[in-house]
Amino acid sequence: MRPVRRLQRISVAAGVMAIALAGSYLAFAQGPATSAPLPTLPPLAQMEPHLYDSSGCPLGPESDAADARLVPQCGPTDPQASVPTARTRLDLRGFQGDRYAGPLNSDAAVVLADTVSTTSTGTWRAWGLARNETSRTIGIKVTAVLLDSAGGTLTTVAASSAVGAVRSGEPAPFVLTSTVPAAQVAGVRWSGAATPSGTATKRDFSIMLNWTLPYGDREPAASYYRDPAVGPPYPYVLSGEIQNVGTNAVTRPHVVVAWESDDGRVQWVDTAEAGQVPYRASESATFAPTLAAGALMPFLLTVADTSAGPTLADLTPTVWVATS
Amino acid sequence: MNRGFSVKSTIKIAAVLGVMVSQFVPAPAALAKTFGDGPLDAVKTQASQYLCGNLTTNKLAAMMMAPTWEETGASGAPSPMAMGRSDTYSLSSANINLYSNATIGGAERDFFHAGIGLWQLDDAGIGKNMPAFQRITSGTAGDKAAQQMAGTYCAAGGTDANKRAAAWGPWVACNDGSCESVFQTIYCGSTNSICNISTTAVTKDGGMATHLCREQSSSATFTCYYVDIQAAQGDVSYWRETAPKSGNSSGGWPSPVTQSFYNWDSSANVENRDWLEVDTGYPNEWRAKRDEGYSSRSSTHMTWNNPSFSNQLCDVSSGRGHCTPPNL
Chain A
0 MRPVRRLQRI
10 SVAAGVMAIA
20 LAGSYLAFAQ
30 GPATSAPLPT
40 LPPLAQMEPH
50 LYDSSGCPLG
60 PESDAADARL
70 VPQCGPTDPQ
80 ASVPTARTRL
90 DLRGFQGDRY
100 AGPLNSDAAV
110 VLADTVSTTS
120 TGTWRAWGLA
130 RNETSRTIGI
140 KVTAVLLDSA
150 GGTLTTVAAS
160 SAVGAVRSGE
170 PAPFVLTSTV
180 PAAQVAGVRW
190 SGAATPSGTA
200 TKRDFSIMLN
210 WTLPYGDREP
220 AASYYRDPAV
230 GPPYPYVLSG
240 EIQNVGTNAV
250 TRPHVVVAWE
260 SDDGRVQWVD
270 TAEAGQVPYR
280 ASESATFAPT
290 LAAGALMPFL
300 LTVADTSAGP
310 TLADLTPTVW
320 VATS
Chain B
0 MNRGFSVKST
10 IKIAAVLGVM
20 VSQFVPAPAA
30 LAKTFGDGPL
40 DAVKTQASQY
50 LCGNLTTNKL
60 AAMMMAPTWE
70 ETGASGAPSP
80 MAMGRSDTYS
90 LSSANINLYS
100 NATIGGAERD
110 FFHAGIGLWQ
120 LDDAGIGKNM
130 PAFQRITSGT
140 AGDKAAQQMA
150 GTYCAAGGTD
160 ANKRAAAWGP
170 WVACNDGSCE
180 SVFQTIYCGS
190 TNSICNISTT
200 AVTKDGGMAT
210 HLCREQSSSA
220 TFTCYYVDIQ
230 AAQGDVSYWR
240 ETAPKSGNSS
250 GGWPSPVTQS
260 FYNWDSSANV
270 ENRDWLEVDT
280 GYPNEWRAKR
290 DEGYSSRSST
300 HMTWNNPSFS
310 NQLCDVSSGR
320 GHCTPPNL
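Chains as they are written, first to last, in numbering that gives the first Met the number 0: chain A, 0 to 323; chain B, 0 to 327.
The hints are simulated quantities; they were obtained by calculation from the structure and are not laboratory data. Only a predicted model underlies this, so the values are computations on that prediction, with no experimental measurement involved. The beta carbon of each residue, even a glycine, is placed where N, CA and C say it ideally should be. Don't take each hint at face value.
[Unchecked claim] Just a sample of chain A residues kept apart from chain B, beta carbon distances all over 12 Å, derived:
#	residue
1	34
2	35
3	72
4	158
5	159
6	209
[As the list claims (entries may be wrong)] Just a few of them, taken from the derived set where beta-carbon distance is under 7 Å, the chain A residues facing chain B:
#	residue
7	43
8	57
9	87
10	208
[To be verified] To give an idea of the interface, some chain B residues facing chain A are shown, with a C-beta separation under 10 Å as derived from the structure:
#	residue
11	132
12	150
13	266
Using the sequences and the hints, build the whole thing.
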């Protein structure tokens with residue numbers, strides 16, 4: 000098991016404050032916080048034209064032919080869904096998870112302290128989310144200044160999120176690593192910074208999660224996904240698909256996943272290019288790097304890390320699809 | 000079909016019928032398989048609409064049929080109404096929301112199955128936009144399966160077997176390679192025909208019935224589908240009969256199997272499942288509402304309630320349920 004401790008120290012709060020001050024927080028503090036528009040998926044009638052009529056009512060099953068299916072009388076309209084909060088899980092274009100909705104409290108990239116987990120043994124590492132609280136699409140770089148018990152700086156580590164184009168309001172995962180022993184780290188000063196976004200391509204993808212295989216001693220998979228030839232233990236596997244719901248072809252979409260514990264802290268982050276198999280690639284199908292409008296492409300994320308792998312099966316994946 | 004996801008404000012993963020993969024021994028390759036006549040007709044019709052590359056109607060139809068035995072646990076004709084029994088709390092705490100009122104115990108068999116039908120289309124995966132009645136009926140469920148398999152097959156490169164394996168990617172039952180074995184049994188390439196299949200009487204909707212319903216204090220009717228599991232067709236020996244039907248009392252395998260329920264969609268794209276007291280024997284009517292597009296494991300997108308007097312369900316077609324005036 001990978002020991003993880005919660006960041007609940009004063010240094011975190013101080014760090015968050017430093018982040019807020021580093022951005023244009025004061026300008027926002029004078030007016031009401033705004034919310035970012037949500038990049039919602041197309042309506043069901045557009046996503047599933049064979050299964051919904053133009054008004055969005057699911058077609059009845061009486062005929063095999065899509066154009067002859069019964070248009071049922073839909074049931075009573077349910078009350079309007081409540082306005083999503085920061086913890087509402089949302090299925091959006093290129094994103095599936097929570098912490099997207101809610102007000103933009105500052106004009107900055109903000110490290111979400113309550114999502115951060117760090118190691119307590121071995122070298123210091125951290126996983127977490129930072130949120131784009133600006134009104135534009137940005138890249139996000141997270142910096143952590145590691146402090147000793149006297150408040151002195153041990154080292155400074157920084158990394159950019161694997162999601163290169165983070166939309167207004169969107170959270171993005173980060174991973175920080177250092178060579179400093181975790182036991183020496185008494186405090187952390189966090190900061191986030193907006194950087195030029197990695198791509199202008201819209202992230203118009205629908206995400207579907209299909210199945211997982213647990214890490215460890217299990218029957219090896221031998222179909223599209225093939226486990227490594229040597230094992231067990233076999234890696235944790237997350238299988239899913241993306242669909243390009245935009246109007247343009249997209250090249251080399253990749254999937255980024257952050258696994259969160261029930262308290263919302265990120266325990267692991269990984270990424271994989273859609274259409275790629277991680278092991279024994281010569282024995283599996285291949286996919287062109289370009290995903291046409293409307294087309295599907297599978298993705299496979301595997302975690303062979305002996306500490307993290309066994310913990311992932313009961314964690315919650317938050318998923319991003321981005322382009323290079 | 001898959002291992003699905005979510006809970007509360009989060010999503011998590013659970014097996015639908017994946018556990019079954021190691022519990023059922025695939026039929027020997029040369030042994031004939033049984034399939035329902037209605038579903039076979041629907042599978043062929045749907046296959047014909049999604050041809051691409053070197054796919055023929057029969058080849059794609061055989062690909063579509065290949066996962067259905069393992070996914071539904073059938074040794075005979077797969078049952079269109081099959082309900083997954085492996086989405087248990089012990090497999091993933093996320094699955095607690097599938098249990099009635101998100102509680103183990105109580106009205107155990109008012110269970111919200113996430114994976115349904117011949118392809119066990121799961122509401123965390125490629126079945127997320129479909130209410131139960133579309134996942135049960137062979138035509139609409141087959142439409143999704145055909146679209147999925149053909150789309151992936153024709154986008155993939157490699158050998159034919161490689162491409163088929165990719166097309167079956169969403170179906171966990173295929174992970175052990177058994178779907179290829181079944182395909183080789185039921186598709187005769189030299190004659191481009193479906194072979195070694197015997198058919199038996201199963202309707203496309205597998206025993207589900209289309210009714211008219213209304214809420215008790217309203218005269219406005221709407222289409223509802225009665226998922227009467229006692230009327231389920233095909234091989235129900237695994238999914239319907241595995242004991243205990245109320246599920247493992249500790250939340251382990253198997254999950255409960257639902258009692259009969261009503262299914263409809265609101266015009267706001269909310270899937271409703273309603274369990275009447277007359278069907279369940281429980282003291283209260285329970286209703287679950289799932290936002291189409293979201294996993295039923297998410298408590299923010301799938302909620303349970305006891306309908307108020309005015310919202311209680313009346314099956315107008317059969318006069319069952321809560322049918323005080325205004326009657327039609």
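Each hint tested on the structure:
1. Here residue 34 (chain A) stays apart from chain B, with its beta-carbon at least about 17 Å from theirs, past the 12 Å limit.
2. At the 12 Å boundary, the C-beta of residue 35 (chain A) stays outside the reach of chain B, the nearest C-beta of that chain being 19 Å off.
3. Not every CB of chain B is more than 12 Å from the CB of residue 72 (chain A) (nearest about 5 Å), against its label as outside the interface.
4. The Cβ of residue 158 (chain A) lies farther than 12 Å from every Cβ of chain B, with a closest approach of about 25 Å, so its non-interface assignment holds.
5. No Cβ of chain B approaches the Cβ of residue 159 (chain A) within 12 Å, the least distance being about 26 Å, so the stated non-interface status holds.
6. At roughly 4 Å from the closest C-beta of chain B, the C-beta of residue 209 (chain A) falls inside 12 Å, breaking its exclusion from the interface.
7. Taking 7 Å as the C-beta cut-off, the interface hint given for residue 43 (chain A) holds, the closest approach to chain B being about 6 Å.
8. Checking residue 57 (chain A) against chain B by beta carbon gives a least distance of about 5 Å; that is within 7 Å, so the hint holds.
9. The interface hint given for residue 87 (chain A) holds, since its Cβ lies 5 Å from the closest Cβ of chain B, which is under the 7 Å cut-off.
10. Below 7 Å, beta-carbon pairs count as interface contacts, and residue 208 (chain A) has one with chain B at about 5 Å; its hint therefore holds.
11. At a threshold of 10 Å, the smallest CB-CB gap from residue 132 (chain B) to chain A is about 6 Å, leaving the interface hint in force.
12. A cut of 10 Å between beta carbons decides the hint on residue 150 (chain B): the least distance to chain A is about 5 Å, and the hint holds.
13. Interface restraint check for residue 266 (chain B): the shortest CB-CB distance to chain A comes to about 4 Å, inside 10 Å, so the restraint holds.
Checked against the numbered hints given earlier, this structure breaks hints 3 and 6; the rest are met.
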